[in-house]
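So the sequence lines, in the order shown, correspond to chains A and B.
The numbering of the first sequence is numbering that gives the first Met the number 0, which starts it at 0 and goes up by one.
The numbering of the second sequence is numbering that gives the first Met the number 0, which starts it at 0 and goes up by one.
It should be emphasised that the hints constitute simulated quantities derived from the structure, not laboratory data.
Please read these numbers as outputs of a predicted model, since none were measured by experiment.
Treat the hints with caution; some may be incorrect.
[To be verified] To spell it out: a stretch of chain B is covered by chain A in this simulated footprint if at least three of its residues, at any positions, have a beta carbon under 8 Å from a beta carbon of chain A; those stretches are:
1) 71 to 78
2) 89 to 98
3) 246 to 258
[As the list claims (entries may be wrong)] With beta-carbon atoms standing in for the labels, derived distance ranges:
4) B/Asp188 - A/Gly21: 37 to 43 Å
5) B/Val257 - A/Asp74: 24 to 30 Å
6) A/Gly29 - B/Leu269: 45 to 51 Å
7) B/Glu125 - A/Asp74: 31 to 37 Å
8) B/Gly157 - A/Asp74: 54 to 60 Å
[Stated by the list, open to error] Just a sample of chain B residues kept apart from chain A, beta carbon distances all over 10 Å, derived:
9) Val305
10) Tyr425
11) Met488
Ideal Cβ positions, reconstructed from N, Cα and C, are used throughout, including at glycine.
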Amino acid sequence: MADCNQCLLRDTFWLNQLAVGGQGTVAWVGGETNVRRRLLEMGFCNGTCVEMLRRAPLGDPIEFRLRGYCVSLRDEQARHIRVMTA
Amino acid sequence: MPACCQQPPLRVLPKAPLTVALAGNPNSGKTTIFNALTGLRQKVANYPGVTVEKKSGRCRLPDGRFVEIVDLPGAYSLVSQSPDERVTMEVLRGLRAETPAPDVIVIVVDASNLQRNLYLLSQVIELGKPVVLALNMIDVARRRGMDLSAEKLQQELGVAVVSIIGHKRRGIAELKEAIVHAKKPVVPDWLANSRHLHQADSDPMRTDIESRYHWIEQVTARSRGDGQAQNAGSSPSLSERVDAILIHKIWGLLIFAVVMSLLFVTIFWLAQPIMQWIQDGVQWTGGRVAAHLPRGPMRDLATDGVIAGVGAVVAFVPQIALLFIFLAILEDSGYLARAAFLMDRLLRRVGLHGKSFIPLLSSFACAIPGIMATRTIENRKDRLATILIAPFMGCSARLPVYTLLIGTFFAARGAGVQSGIMLAVYAAGVLAAAGTAWCFRRTLLKGSTDAFIMELPTYKLPQVSEIARQVWVNTSEFLTKAGTVIFCMSVLLWALTYYGASQKYLGHLEASGAPANVVAAERMNHSLAGQFGHFIEPGLRPLGFDWKMGVGLVSAFAAREVFVSTMGIVYSTGDVEDGHGADLSKAMLADRYPDGRRVWNGPVAVSLLVWFVLAMQCMSTLAVVRRETGGWGWPIFMLIYMNALAYVVCLFIFQVSRWVG
Chain A
0 MADCNQCLLR
10 DTFWLNQLAV
20 GGQGTVAWVG
30 GETNVRRRLL
40 EMGFCNGTCV
50 EMLRRAPLGD
60 PIEFRLRGYC
70 VSLRDEQARH
80 IRVMTA
Chain B
0 MPACCQQPPL
10 RVLPKAPLTV
20 ALAGNPNSGK
30 TTIFNALTGL
40 RQKVANYPGV
50 TVEKKSGRCR
60 LPDGRFVEIV
70 DLPGAYSLVS
80 QSPDERVTME
90 VLRGLRAETP
100 APDVIVIVVD
110 ASNLQRNLYL
120 LSQVIELGKP
130 VVLALNMIDV
140 ARRRGMDLSA
150 EKLQQELGVA
160 VVSIIGHKRR
170 GIAELKEAIV
180 HAKKPVVPDW
190 LANSRHLHQA
200 DSDPMRTDIE
210 SRYHWIEQVT
220 ARSRGDGQAQ
230 NAGSSPSLSE
240 RVDAILIHKI
250 WGLLIFAVVM
260 SLLFVTIFWL
270 AQPIMQWIQD
280 GVQWTGGRVA
290 AHLPRGPMRD
300 LATDGVIAGV
310 GAVVAFVPQI
320 ALLFIFLAIL
330 EDSGYLARAA
340 FLMDRLLRRV
350 GLHGKSFIPL
360 LSSFACAIPG
370 IMATRTIENR
380 KDRLATILIA
390 PFMGCSARLP
400 VYTLLIGTFF
410 AARGAGVQSG
420 IMLAVYAAGV
430 LAAAGTAWCF
440 RRTLLKGSTD
450 AFIMELPTYK
460 LPQVSEIARQ
470 VWVNTSEFLT
480 KAGTVIFCMS
490 VLLWALTYYG
500 ASQKYLGHLE
510 ASGAPANVVA
520 AERMNHSLAG
530 QFGHFIEPGL
540 RPLGFDWKMG
550 VGLVSAFAAR
560 EVFVSTMGIV
570 YSTGDVEDGH
580 GADLSKAMLA
590 DRYPDGRRVW
600 NGPVAVSLLV
610 WFVLAMQCMS
620 TLAVVRRETG
630 GWGWPIFMLI
640 YMNALAYVVC
650 LFIFQVSRWV
660 G
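Generate coordinates for the entire structure from the input sequences, incorporating the hints supplied.
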């Protein structure tokens, strides 16, 4: 399913690679089923614009804004999401 | 009575009592609306089988009917697996035997975060129950420049929509009216058809979730009011500007340190005088009761057993109440999530969650409020891991023991060495906590630390009434649920140190004019606890402990500092608090085994210090863990693993130090 999309995702990068203030559009969400469902349910759907707000002072987790609210993900979860430059 | 017959009855109960379920995302302001609807007519219980709080209350509708309102735990979705969400799903579907299936579902949504909040609604309208949408925090949404029309939203969704400002109690009457007239929603075509559409899909989960969000995007786009349509959240909100400071690299950590110090000082120092008053009050009551009873076992049972037992429970109240004031402010304001955000990296190294920080910090004052504070951790495994290691944090009850031992055996080494040892003892506790947490997360509580997908809610001004309510609920619940167990155990422990010695022998001693402290020492030495101390002495010997320390350890189950007063009784040196500490030190140093060896020396003291760092010997902690985990399994496990660990480490330390020294 999701893996066959990989070839179409050449111009994409992982969500944790966004710089502060950088924005991206969700292109693909992976991860173990439960984590993936939760990420999708929290609004990380294809085409959703996500802005990286800041990293915690110790470097992790990362705060993002999407759909008008803020959520924090650990680096490892942000690595389940691929985004395109908006 | 003719007057009665002429008039129709004022109110007939038209149907069976209605049940209204209140559901919504975490941070949607659901509880504020629940409180506004039910006032003080609330009940807090537990859903059987899970440690999820069940809150319900009664509310009178405009048509005169009383309805039962159930405040469901916060949920982002009806599919996900957190215990909270599962309970919400089961109640809404009528799958829980103890909670009647709701007749009306009220979905509370945060208007300033509409899209993600409406996701839950998209699942609830499928249930085919009458639904009302409570559009909460409409004022915040407007302030943030969102242009939203409740009428249009109602049209688009096909569900009654009521605008509410929960904390100002605005819109509550309209909400009650809407509950009376609630209708079943019309399931949108795309949703009704989605089931068989998804069957052919290779990724049905994604398609399902994305089609819901697609619908939500359309609905919200068409629900803009007549004003200039604005892109929601395009300008940084006040909350985000506050965040720029509160989770700033330097300022954020600094403010965090200040807030946490305040929290610690509050429960560590501020609670002390209040606890002292309570203790004085208990003693005074005991004295008054004693004055009216004849001397003898019955009087001792009343004063030292029952009244002191009540005192043991009530003594926790100041710390618990103060902690929950703090927690309520932090949680309601939204700072708690930021604190977790700041600390997560540090705690994740040992497999804990950012939210474990405050419970562990509180445990330095006392593990009881600390363990109660783990309620803020949603993930069950994170929470259990935090509960299991919280007692390693050096609580204030250990301090008198540490002071006695360090003061007695390292007095000659100077203040520098003494404070160094004290610091090492505390550090040992933290290390033990980190190590065991790391182990548990890899074995017993293995599994998803992945659940760290944490919303950072917008900052809000906490409501005084909400804080008072939370403090009241949590404190009274502690008194009724954990308090009864603590009381029973404390009376039992008293009985163990009181009974066992022959009354004849003690009476004879008293009659022969022996001083009271000698009688007390004899009573203790021959008590059941004393006999138990003798019984376990062979097991304690390899750690360097004799039977007197054994008695002390048994009595320390009431509270660790009782060890000191028990030693005072055993050595009949009088009360340490009354300035007999030096006498006790002298007596301990002078004590010798029959073969002339010293009972107490450096290695014994170190071994005992380590025992107090590692061992689980606090019945109040066990009672609270039982309460928080919903059974005796975890507290018994805790008792076994901590004491086994303490035994092995003390054995190692004592034997090695004997070989070396």
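Status of the hints after comparison with the structure:
no.	hint	result
1	71 to 78	holds (count 3)
2	89 to 98	violated (count 0)
3	246 to 258	holds (count 6)
4	B/Asp188 - A/Gly21: 37 to 43 Å	holds, 38 Å
5	B/Val257 - A/Asp74: 24 to 30 Å	holds, 28 Å
6	A/Gly29 - B/Leu269: 45 to 51 Å	holds, 49 Å
7	B/Glu125 - A/Asp74: 31 to 37 Å	holds, 35 Å
8	B/Gly157 - A/Asp74: 54 to 60 Å	violated, 42 Å
9	Val305	holds, 50 Å
10	Tyr425	holds, 23 Å
11	Met488	holds, 40 Å
Checked against the numbered hints above, the structure breaks hints 2 and 8 and satisfies the rest.
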